[in-house]
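In the order they appear, the protein sequences are chains A and B. Sequential numbering from 22 applies to the first sequence in our numbering. Sequential numbering from 1154 applies to the second sequence in our numbering.
Keep in mind the hints are simulated off the structure, nothing from the lab. Where hints are given, some of them may not hold.
SDA-like mimics (lysine to any residue), calculated; alpha carbons at most 20 Å apart, straight line [unchecked claim]:
| hint | chain 1 | residue 1 | chain 2 | residue 2 |
| --- | --- | --- | --- | --- |
| 1 | B | Lys1603 | B | Leu1531 |
| 2 | B | Lys1603 | A | Val55 |
| 3 | A | Lys24 | B | Ala1582 |
| 4 | B | Lys1603 | A | Ile43 |
Residues from chain A that face chain B, not an exhaustive set, calculated with beta carbons under 7 Å [claimed, not checked]:
| hint | residue |
| --- | --- |
| 5 | Met22 |
| 6 | Ala23 |
| 7 | Arg25 |
| 8 | Phe29 |
Predicted, not measured: the structure shown is a model, and the values here were computed from it. Ideal Cβ placement from N, Cα and C applies to all residues, glycine included.
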Amino acid sequence: MAKRLTVFALALILWAGYFYAIDRAIMHGQGLPVGADLMPPA
Amino acid sequence: MRRGPLVVLLLALAAAFLLLPDLAFAGEPAPVPSRADYPTVGGMTGRPVVWALAQMHLFLAAFVLAVPMFVLVIELTGVLSEDARYDSMAREFMRISMAAYALTALVGGGLTLALFVFYPVVMDYLLRVFDGQVLVYALLFGLESVFLYLYYYSWDALRFGNRKWFHLSLGLVLNAVGSTLMFVANAWVTFMMAPSGVDSTGAVTGSIWQIMRGPLWNPLNLHRFLANIAYGGAIVGAYAAYRFLSARTAEERAHYDWMGYTSNLIAVIGFLPLPFAGYWLMAEIYAYSQQMGITAMGGILAWLFIIQAVLIGSILLAANYYLWCGLGRTEGGRRYTPFVPFIALVLVGGFLVWVTPHTLILTPEEVRMLGGTRHKVLGPLGIMPAKNTAVNLMLLATFVSFQLFRRAGRIATVRWAWAGNAVIVALYAVAVANIVGAGLYGYVTPTVYKVGSSVPQVATTLSVIVFSLLIDGAMNRGAVRREVHWGRMAVRSQYALFVLPVAFTWMMGLMGYIRSSVRTNWHVYTIMKDASPDAYIPTIGDAGNAITLVTVGFMAVIIFVFWLTQLGSIKQPAPSGLAE
């Protein structure tokens, strides 16, 4: 069970990293900066 | 004789035909029609006639163009797996399509005639713009017929070895010709919506390629290509359900159950990426003309998108319900049934969010009671970030149903199967969080971010589908296959297969109407005004009635096609005393 949970936790981190990277890349690709400027000036 | 120079000359002529502007009419503006240019026949104006015929032609054409596409894949699967059942199923699919082909041509001919009778000036202009390209269309139509008949009638003559590969190549050419035919016709439609290759007066300034390749051409090509596959799958699924319900033997039931399952799978595969293709088309419409985009999604036509949501919700619920019923076909499927209520919850929840309108049509009294035109709690669910989130979660839920069904028939034997499962569960968990997070992000950022953050949502859904299939594929390498009891299916599940084509047909009529209506009172947007008595957008009720009428008409046609197909497989027994 512990082994399963460890793999699950590692996979969560891995996928979170993957989605964070593609989210940023896609938003940047559209010319939309992301990150600290969550609410950029209109 | 050396053929090189001749080939070069022919290529140069083809390039000139495609690339050079049509000099004969260059500089001649589009005509300005008057009310007298729109004849009536028996007191009837052109719009209802052309509307009904164009819609009916599109339904039939979408079906007959789609079937050979997945038939080719099924036939190839049969060759690679050396399982003759695929081959017989592929041929049966083609038989349904063949019965519909002549009707498609017949309605297409009627539509052409109606267009020339009711809209002579418009057709004169369009023929002038597209010029020789209409002959290319006629040539392609001829080739489509030739290859369709060759492909179907040579099935038994080209069954094995190299001959089978030759038969597959015939199918490939048939699909190439069919797709090109559709792309050419799409160019006429998108030219009317977003003209290119002409100046502001409508005078031809570009080559036929520039005229065809308008801003909406490729989005429409992709959207129709995917929609056709989903639609074709849905219709043959209804045929399989019809045969399943009328089957007299267990063997027949098993065959048509398998056919129904395959059809549903085709419909779902075509349908999953469809909202994204539709999104691209709408984004391009907005990019081309914001006014046109707002007419579609923010004006009178916006309410039709609510009806669209109802229909898409029905399609997803029906397709999922069929998959859930299918879990009973294997002994291993039953262990997944506890997940079904949760999947259903996501589907129904997403469906409810999707049908929530942004603003309501209210009486002054109701506005006063509500404190505005928007509901305080539900109002925020009416905007796109909520709807994008809902649709992506619904698609993920549908994919889960499909994945569970797939797993029900296999027992993974690899040692790391437990780890694979953990990675897939983690993938879903993070993906859902990312989709919901991107949706919320749309609420706290300006509009441009709202639209922009929907793209990562799409990428997330597609990522889940791709990675899940890859991990599942690796896990199931060398898996033990469970016995599938084809035919062990509840009768009620077959009615889900009837829901799909009806909802698809209705939705295609509805969305086609929106696509055409965004031109408002223009035949060719911003270039040629409509001066007919029908130059207005009908009320939602009138449009709904017209679309429903054509949908019912098409259902009658398709029942006739099913009957014809079944008739072809019936053989009258010889009377007593006569040899068979």
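Quick rundown of the hints versus the structure:
For the hint pairing Lys1603(B) with Leu1531(B), the CA-to-CA distance comes to about 18 Å; that is within 20 Å, so the pair holds. Taking the CA atoms of Lys1603(B) and Val55(A), the gap is near 13 Å; set against the 20 Å cutoff, the hint holds. Restraint check for Lys24(A) and Ala1582(B): the C-alpha separation of about 19 Å stays at or below 20 Å, so the hint holds. Taking the CA atoms of Lys1603(B) and Ile43(A), the gap is about 17 Å. The hint holds against a cut of 20 Å.
With a least beta-carbon distance of about 10 Å to chain B, the hint placing Met22(A) at the interface is violated under the 7 Å criterion. Taken as an interface hint, Ala23(A) does not check out: its beta carbon lies about 12 Å from the nearest beta carbon of chain B, beyond 7 Å. For Arg25(A), the shortest C-beta to C-beta distance to chain B is roughly 6 Å, which falls under 7 Å, so the interface hint holds. The interface hint given for Phe29(A) holds, since its Cβ lies 4 Å from the closest Cβ of chain B, which is under the 7 Å cut-off.
Hints 5 and 6, counting from the list given before, are not met by this structure.
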